[in-house]
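Novice: Numbering (the numbering used here), first residue to last: 1 to 871.
Where hints are given, some of them may not hold.
Each computed DSS-like pair below joins lysine-lysine, with the alpha-carbon atoms no more than 30 Å apart [what the hints assert, rightly or not]:
# : residue 1 : residue 2
1 : Lys763    : Lys838
2 : Lys848    : Lys763
3 : Lys838    : Lys642
4 : Lys763    : Lys642
Using C-beta positions, here's what the derived DEER-type ranges look like [unchecked claim]:
#  : residue 1 : residue 2 : range
5  : Ala308    : Arg482    : 18 to 28 Å
6  : Asp556    : Glu613    : 50 to 60 Å
7  : Leu675    : Ser757    : 49 to 59 Å
8  : Glu628    : Ser821    : 54 to 64 Å
9  : Ser586    : Asn852    : 48 to 58 Å
10 : Ala345    : Ile377    : 25 to 35 Å
11 : Ile310    : Ala353    : 41 to 51 Å
12 : Lys642    : Ser602    : 41 to 51 Å
13 : Ile377    : Glu480    : 48 to 58 Å
14 : Thr834    : Glu628    : 16 to 26 Å
15 : Ala510    : Ile377    : 21 to 31 Å
16 : Asp556    : Glu637    : 34 to 44 Å
To be clear, the hints were calculated from the coordinates, so they are not data collected in a lab. Computed from a predicted structure; not experimentally measured. Backbone N, C-alpha and C fix where the C-beta goes; we use that ideal spot for every residue, glycine too.
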Amino acid sequence: MANSSDSKTNTDSSAGNGGTSADAAEEGRTDAPHLDQPGPADAQRDEGNAPRDGDPPADAAPTAEAETTETTAADAAEDGTPASGAEPASDAGDDGAPASDAAGDGARPSDAGGDGPESVAAVQDGPPVADANGSDPQGAPVTPGEAHTSDAGGDGVPASDAAGDGARPSDAGGDGPESVAAVQDGPPAPDVTDAGPGSTSDTDDTQTQEMPAPAAPVTPSRGRPPVGAPTHTSSATSVLAPMPMTRSTAPPAAQEGLAAGAATRTGEGVAAGVSPDGPPDVTGPSAAPVDEPPRRRRGRMVAVVAGAVIVVLGAVYGVMYLMAGDKLASNATVAGVDVGGLSPAEAEARLTAELPAIVDAPIQLQLGDTGTTYELIPSEAGLAVDIPATLSAVPGGSANPLSLIQALFGGDEVTPRPAVDDDALRGALNAIAEESDTAPVNAAVGFDDGEVVTSEPVAGTSLDVDGAAELLTAAFFGTEAREMPIGQIAVPVDEVTPAVDAAELERAVAEFADPAMSGPVTVVAGTESVDLPAAMIGEVLSLSPDENGRLQPDLDGAALVEQASDLLAQIGQEGQDATVRIEGGSPTVVPAQSGRGVETDSLGDLVLLALTEDGSDRRAEVELVEVEPELTTEGAEELGVKEVVAEFTTNYPAARYRDVNIGRAAELINNTLLLPGDEFSLNGTVGERTEANGFTSGIIINQGRLEDAMGGGVSQVATTTYHAAALAGLEDVEHWPHSIYFDRYPLGHEATVAWGSKDLRFKNDTPYGVLIETRHTSSAGGGNGSLTVRIWSTEHYRVELSTSERGSFTAPRTIHDTSSSCQAQAGSQGFTVTAYRKVWGPDGDLVKDEANPWTYNPNHRVVCGPEPGDD
1 MANSSDSKTN TDSSAGNGGT SADAAEEGRT DAPHLDQPGP ADAQRDEGNA
51 PRDGDPPADA APTAEAETTE TTAADAAEDG TPASGAEPAS DAGDDGAPAS
101 DAAGDGARPS DAGGDGPESV AAVQDGPPVA DANGSDPQGA PVTPGEAHTS
151 DAGGDGVPAS DAAGDGARPS DAGGDGPESV AAVQDGPPAP DVTDAGPGST
201 SDTDDTQTQE MPAPAAPVTP SRGRPPVGAP THTSSATSVL APMPMTRSTA
251 PPAAQEGLAA GAATRTGEGV AAGVSPDGPP DVTGPSAAPV DEPPRRRRGR
301 MVAVVAGAVI VVLGAVYGVM YLMAGDKLAS NATVAGVDVG GLSPAEAEAR
351 LTAELPAIVD APIQLQLGDT GTTYELIPSE AGLAVDIPAT LSAVPGGSAN
401 PLSLIQALFG GDEVTPRPAV DDDALRGALN AIAEESDTAP VNAAVGFDDG
451 EVVTSEPVAG TSLDVDGAAE LLTAAFFGTE AREMPIGQIA VPVDEVTPAV
501 DAAELERAVA EFADPAMSGP VTVVAGTESV DLPAAMIGEV LSLSPDENGR
551 LQPDLDGAAL VEQASDLLAQ IGQEGQDATV RIEGGSPTVV PAQSGRGVET
601 DSLGDLVLLA LTEDGSDRRA EVELVEVEPE LTTEGAEELG VKEVVAEFTT
651 NYPAARYRDV NIGRAAELIN NTLLLPGDEF SLNGTVGERT EANGFTSGII
701 INQGRLEDAM GGGVSQVATT TYHAAALAGL EDVEHWPHSI YFDRYPLGHE
751 ATVAWGSKDL RFKNDTPYGV LIETRHTSSA GGGNGSLTVR IWSTEHYRVE
801 LSTSERGSFT APRTIHDTSS SCQAQAGSQG FTVTAYRKVW GPDGDLVKDE
851 ANPWTYNPNH RVVCGPEPGD D
């Protein structure tokens with residue numbers, strides 16, 4: 001630190017006698033060094049002010065300069081010279097040697113202590129400065145106690161206590177570490193940076209002023225200082241010879257650098273060096289101004305220009321921000337929605353509210369070149385607008401200078417930035433594809449009544465989901481954006497080729513279908529044979545494609561056996577199943593009989609092979625095998641047909657057609673055996689009512705009128721059989737009450753039949769066999785005829801039948817009929833009624849609870865003849 005005094009008088013040990021300059025004055029010696037001659041004692045005294053390890057650094061004292069200038073840290077910054085405290089200059093001399101090695105011996109600059117400033121001496125002509133490691137530049141060790149100008153604590157001793165007296169720089173005065181040198185008419189106090197006479201140092205490009213060679217140092221002796229010599233006191237101020245006082249206005253950091261020995265720049269020159277013979281010569285040649293280096297002038301000019309540009313740009317930016325602020329560019333629109341002059345938040349709210357009506361209009365997808373269209377809602381298909389991203393493309397709305405410039409020139413239409421959810425888009429298209437795709441239709445060959453029937457192939461269609469997604473993505477503000485609303489857009493549809501094409505159809509017909517229908521196939525078993533017609537074979541014959549799309553024929557052998565059962569029965573000997581019949585008033589088991597018949601398992605394959613043959617080669621040779629009955633004798637005996645579980649009898653008025661038709665139907669139904677699970681059908685059992693089947697014409701009901709037709713009276717059999725089955729508890733599958741009520745039938749619990757339209761059906765839902773017995777009594781003697789139906793089985797159900805009261809009556813009307821076929825009839829009312837049946841199982845549980853409402857029509861009164869008053 002520069003010019004700081006210890007609280008104690010520093011002891012000069014460099015002379016080797018332990019005396020001080022004050023002692024020399026007291027003894028009358030004149031060898032005390034002049035204050036304007038920096039000597040070892042001064043160097044030691046000034047270096048003694050370096051901060052001790054652990055102590056806070058003392059601020060640099062002001063350095064005396066020429067009265068006409070002030071050196072500041074700003075000047076140091078302008079000319080590139082770092083202020084003290086910054087990194088030491090790497091080049092302290094003209095020869096490029098670093099300041100830390102000015103002597104050329106490669107020694108490193110010693111540290112200035114824990115917190116103190118580095119001391120770097122650039123030596124030109126003066127004697128070398130002692131090394132920080134205790135050696136002089138030539139490597140000679142320094143005697144202990146000798147002043148080390150560059151060692152501010154390198155050996156562990158703080159610079160503030162170089163003399164070994166333990167004094168701290170902070171003890172120099174009460175106002176802190178800064179010492180102020182009051183100069184009056186005398187030379188300035190030696191600076192801590194004066195490592196030796198004639199030595200100055202500057203950093204970076206600072207010019208070095210050559211100083212006069214110093215005089216030989218005079219060793220002070222003990223005693224008082226000479227008269228007029230400055231005396232160090234405990235005060236923070238060193239009193240020098242009278243001269244004008246100049247205080248440096250440089251900041252502490254700059255002052256510290258100056259105190260380290262750098263020649264201080266004054267105005268356009270550098271400070272004069274300290275003379276060894278007296279006060280500094282501020283008027284001599286050393287004070288003449290030195291030309292500033294060109295590099296420094298260029299640097300200063302660049303800095304000035306750069307600063308001016310920055311100021312101008314800042315002003316321009318401020319004006320632009322005041323004009324545009326955080327608003328979007330005027331006249332800016334997004335899909336026609338005006339967002340100019342709005343803040344980003346306001347624009348986002350407006351687009352959120354108004355964009356859906358523009359961009360979410362339904363898109364009509366036209367499938368290929370067809371006229372079929374499907375509607376797609378963009379928002380439901382993953383097509384939306386990324387509003388934040390869209391607004392980021394609108395000029396303005398931010399502090400970005402480029403955005404502000406664009407905003408000042410006004411906005412334009414901005415295309416919305418799309419946000420496409422690929423998964424949602426493909427999901428919507430796949431849903432359309434499931435509905436719109438059509439499967440290809442293969443070419444086909446069929447057979448109808450012995451004729452070949454063909455159908456041409458038809459290509460299918462499949463929506464190209466990938467292609468459609470790509471088109472929609474491009475059209476919805478993408479690479480091929482369309483004007484909103486998009487409206488209709490054609491999407492690609494792929495054609496799906498059928499597996500069986502026209503060529504294959506032609507081949508199959510020529511090679512198989514036509515030959516197959518060319519004639520019958522003869523089934524031969526030994527000496528017996530039978531012809532199977534082509535039409536019969538065609539009903540069980542088909543062609544279907546294999547994995548290669550080739551039509552292959554197939555014949556259902558089991559279906560053929562069923563179709564040709566009657567013809568095949570002509571070959572061999574027909575067997576007979578066991579059965580149960582009423583004989584002598586009780587059920588009797590009729591034993592089964594085995595037969596011999598065509599081996600049917602291979603029949604289908606043999607007939608198929610013969611279909612492509614010609615003439616006599618169209619034959620299928622089969623074997624005769626023993627045919628076992630389906631119901632064996634043992635099986636029939638185990639059916640449990642042993643008792644009457646239900647019976648019912650009806651009577652009818654005498655009429656020949658009734659005797660014939662009722663008797664014939666009863667005959668066909670008698671001894672019908674139902675195995676468990678079998679279903680009874682009256683039409684199936686009795687057959688069509690024809691003369692060939694033993695029936696005759698009689699009265700029937702047609703559209704509420706009585707007419708003469710074939711099979712009249714069979715409904716009497718239907719009613720009697722239905723009622724008996726209902727009492728047995730058997731499952732009701734189908735029954736139809738009469739449209740007009742006849743009082744000879746049980747109300748609601750009766751049935752009628754009509755060939756091809758109405759049937760009576762019930763199912764044996766017991767674990768036993770059911771045998772139906774009929775007993776018919778003719779009315780030939782002029783009395784009423786009767787029909788009794790009995791159900792034989794093992795009792796399984798308990799049954800209760802009931803009927804509601806009649807209601808909702810309707811009156812008949814009178815009809816006058818003048819036709820020759822007129823059948824007069826008395827009229828009767830119509831009404832509604834409900835028939836009930838409850839059935840309990842063997843364990844007493846109610847298993848059936850049925851209600852059958854029915855409406856009987858009025859029986860209109862028919863008068864044969866004209867209406868009264870008609871001529």
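Novice: Which hints, by number, does the structure contradict?
Specialist: 5, 6, 7, 9, 13, 14, 15
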